[in-house]
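Make the full structure from the sequences, and use the hints.
Here the protein sequences come in this chain order: G and U.
Counted from 1, the first sequence has number 248 at position 238 by our numbering; the numbering is strictly sequential.
Counted from 1, the second sequence has number 136 at position 126 by our numbering; the numbering is strictly sequential.
If you are wondering where the hints come from, they were derived from the structure by calculation, not from laboratory data.
Hints may be right or wrong, so weigh each one.
One copy or any two copies: either way a pair holds, since identical chains are not told apart in the list.
Heads up, simulated DMTMM-like pairs for lysine to aspartate or glutamate below, C-alpha to C-alpha not over 20 Å straight-line [stated by the list, open to error]: (1) Lys-126 <-> Glu-221; (2) Lys-183 <-> Asp-35; (3) Lys-106 <-> Asp-299; (4) Lys-126 <-> Glu-44; (5) Lys-256 <-> Asp-204.
Note that the structure is a prediction, hence the values are computed from the model and not measured.
Protein chains: 2
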Amino acid sequence: MNFQFRAKAVAALVPIFLATSLAADPLPSWNAGETKTAIIAFVDAVADPTSEDYVTPADRSAVFDNDGTLWAEQPAYFQLFFAIDQVKKMDASDLKSDALKAAAAGDIEALLATGKEGLLEVLAAAHSGMSVQEFKANVAEWLDTASHPTTGQPYTTMVYQPMLELLGYLRDKGFATYIVSGGGIDFIRVLSEDAYNIPVNQVIGSSLVSEYVEDEGTPMLMKRADLFFNDDKAGKPVAINHHIGKRPIFAGGNSDGDFQMLEWTTSGNGLSFGPYVHHTDADREWAYDRDGHIGVLNRGLDEARERGWYFADMAKDWSVIWPQE
Amino acid sequence: MNFQFRAKAVAALVPIFLATSLAADPLPSWNAGETKTAIIAFVDAVADPTSEDYVTPADRSAVFDNDGTLWAEQPAYFQLFFAIDQVKKMDASDLKSDALKAAAAGDIEALLATGKEGLLEVLAAAHSGMSVQEFKANVAEWLDTASHPTTGQPYTTMVYQPMLELLGYLRDKGFATYIVSGGGIDFIRVLSEDAYNIPVNQVIGSSLVSEYVEDEGTPMLMKRADLFFNDDKAGKPVAINHHIGKRPIFAGGNSDGDFQMLEWTTSGNGLSFGPYVHHTDADREWAYDRDGHIGVLNRGLDEARERGWYFADMAKDWSVIWPQE
Numbered sequence: 011m012n013f014q015f016r017a018k019a020v021a022a023l024v025p026i027f028l029a030t031s032l033a034a035d036p037l038p039s040w041n042a043g044e045t046k047t048a049i050i051a052f053v054d055a056v057a058d059p060t061s062e063d064y065v066t067p068a069d070r071s072a073v074f075d076n077d078g079t080l081w082a083e084q085p086a087y088f089q090l091f092f093a094i095d096q097v098k099k100m101d102a103s104d105l106k107s108d109a110l111k112a113a114a115a116g117d118i119e120a121l122l123a124t125g126k127e128g129l130l131e132v133l134a135a136a137h138s139g140m141s142v143q144e145f146k147a148n149v150a151e152w153l154d155t156a157s158h159p160t161t162g163q164p165y166t167t168m169v170y171q172p173m174l175e176l177l178g179y180l181r182d183k184g185f186a187t188y189i190v191s192g193g194g195i196d197f198i199r200v201l202s203e204d205a206y207n208i209p210v211n212q213v214i215g216s217s218l219v220s221e222y223v224e225d226e227g228t229p230m231l232m233k234r235a236d237l238f239f240n241d242d243k244a245g246k247p248v249a250i251n252h253h254i255g256k257r258p259i260f261a262g263g264n265s266d267g268d269f270q271m272l273e274w275t276t277s278g279n280g281l282s283f284g285p286y287v288h289h290t291d292a293d294r295e296w297a298y299d300r301d302g303h304i305g306v307l308n309r310g311l312d313e314a315r316e317r318g319w320y321f322a323d324m325a326k327d328w329s330v331i332w333p334q335e
Numbered sequence: 011m012n013f014q015f016r017a018k019a020v021a022a023l024v025p026i027f028l029a030t031s032l033a034a035d036p037l038p039s040w041n042a043g044e045t046k047t048a049i050i051a052f053v054d055a056v057a058d059p060t061s062e063d064y065v066t067p068a069d070r071s072a073v074f075d076n077d078g079t080l081w082a083e084q085p086a087y088f089q090l091f092f093a094i095d096q097v098k099k100m101d102a103s104d105l106k107s108d109a110l111k112a113a114a115a116g117d118i119e120a121l122l123a124t125g126k127e128g129l130l131e132v133l134a135a136a137h138s139g140m141s142v143q144e145f146k147a148n149v150a151e152w153l154d155t156a157s158h159p160t161t162g163q164p165y166t167t168m169v170y171q172p173m174l175e176l177l178g179y180l181r182d183k184g185f186a187t188y189i190v191s192g193g194g195i196d197f198i199r200v201l202s203e204d205a206y207n208i209p210v211n212q213v214i215g216s217s218l219v220s221e222y223v224e225d226e227g228t229p230m231l232m233k234r235a236d237l238f239f240n241d242d243k244a245g246k247p248v249a250i251n252h253h254i255g256k257r258p259i260f261a262g263g264n265s266d267g268d269f270q271m272l273e274w275t276t277s278g279n280g281l282s283f284g285p286y287v288h289h290t291d292a293d294r295e296w297a298y299d300r301d302g303h304i305g306v307l308n309r310g311l312d313e314a315r316e317r318g319w320y321f322a323d324m325a326k327d328w329s330v331i332w333p334q335e
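Structure follows, in structure tokens:
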């Protein structure tokens, strides 16, 4: 082999080496930095059978908030847009309140002016008085046809590419990945498999009472307007225990509604990890934390560091935000 | 090869053939008969990709009642014996009612005479006012030390060998196996992995309200005395939807408390299977159905045949009942 040939051979290997090197990065949309390094170090430690921090696969549960953690939540929770769009389809004669009328007219300001009671009325109209099956069909149709008011994109494209990579990375390393959302369990289950590769039995959320009834011999589950469980704040650890039956070792959130979930997860005996997605990128997404009504992060910002939690700073840590970039 | 050699060779093969043949029987403790044949035909049909009744693995969920279906439930639900044994450990000064006094004295007749309210008081004393972790430790200790009043055996040995084989057979064929019990979710989770090879996140049951609290900086989940969910009768399909998020295709039960679970499971579009364990063997187990207070089976006995459900008749269908036989 002469030198020229060898040089050529090495040159030919360069793109292969680069490809291998890129393929070996489990989180390509995460910029190098403290958080990415810490995530990989944590996963390596719990998944390596020779590590003193090794965790058996059955105990590798990772829980994630949905709104603002796996997909966007501005200018309002997407499920509220779904509810408003459902009210728009109601018969005019059924619009018996100011809240329903405002929603049907698409007048968000007028709807918000009706207060919490008005919002709950709109949510109830879209989420109850039908079977679970019918509700899910409504959600599926809406996801297929609706578009986000700011971006004009389908809602399911507004998921965070770095979080998709994180979910896949954890699953590759033997984790079971769960959604633990303040949003509706039946709503999220319509999209969880396609959007996140998370099976419906690993979706935990808020729910209304459902009732088993027979309609002319056909049994069905009817959604009622009463709240069954509010999967937010201190409700999240309760729901995790109820559905999973053990304490997770990884919890990702973005707001104070996730505080207790991160606290519970990181209070176990072994190694654990609690990252907060921090919305710092007004150019590519939205920038918000302490103020407003959606995804408020106060206590989390104050206490994360002392508790050993990490931030995924969108502007700093994410080279890409959306899958279609 | 001469004839003698061939005969020897064939003779040598006989035990191998028998062993293979036995190993090939997925349900060795089930006697040949209509029910065993139907179970295997059902499983073959839904697991064979070339079958017109094929069901994708993600949709192969099987749900099982626990008391009287996977383990015994006579002369009373085992969880009641646990509760009584816990009350026996209480300080005498805390025994402030006739029900608690009767339980502490082990006087079951006197306890039953206090009625439903007395029983609930005993259950509440054993199941609330402590953390989930502490409760589970109590259950684990009890399972390790207590013995059944009639058989003198540890409770976890009183599981049904044919049902263990059925659970394993279904899992081998790609099913996810779930417990859906009227008994307590936290109670069953202590034994589900060892007794049935069912992970805790596939255990569904009744539950009390639990509350996330901090005790001097340590977060914990405290069990309260209020009922959160009664996983019985029409509650079972509701809980299945809540935890699994889809309709199972196999449901096993033994009482009218399981009727709606079997009805829901067998009302789907594709092939499904609903067996009832029928307690017909007073010699080896107990014989009961229409009468009494435990595991009452009336509507199920009346309607099973017309609904296409099968019976596992203990005396007729099970050659072995207990694993230690």
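Hints and how they fare:
In this homomeric assembly, Lys-126 and Glu-221 never come within 20 Å of each other (Cα to Cα): the closest approach is 25 Å inside a single copy and 25 Å across copies. Proximity of Lys-183 to Asp-35 under the C-alpha cut-off of 20 Å is restricted to the intra-copy arrangement: shortest distance 14 Å within a copy versus 36 Å between copies. Taking CA atoms no more than 20 Å apart as the test, Lys-106 paired with Asp-299 passes in neither setting, with 36 Å inside one copy and 52 Å between copies. Taking the shortest alpha-carbon separations for Lys-126 and Glu-44, neither the intra-copy value of 40 Å nor the inter-copy value of 59 Å comes in at or below 20 Å.
With identical chains, the CA atoms of Lys-256 and Asp-204 are at most 20 Å apart between copies only, with a shortest distance of 16 Å across copies and 26 Å within one.
Consistency with the previously given hints fails for numbers 1, 3 and 4, ordered from lowest to highest.
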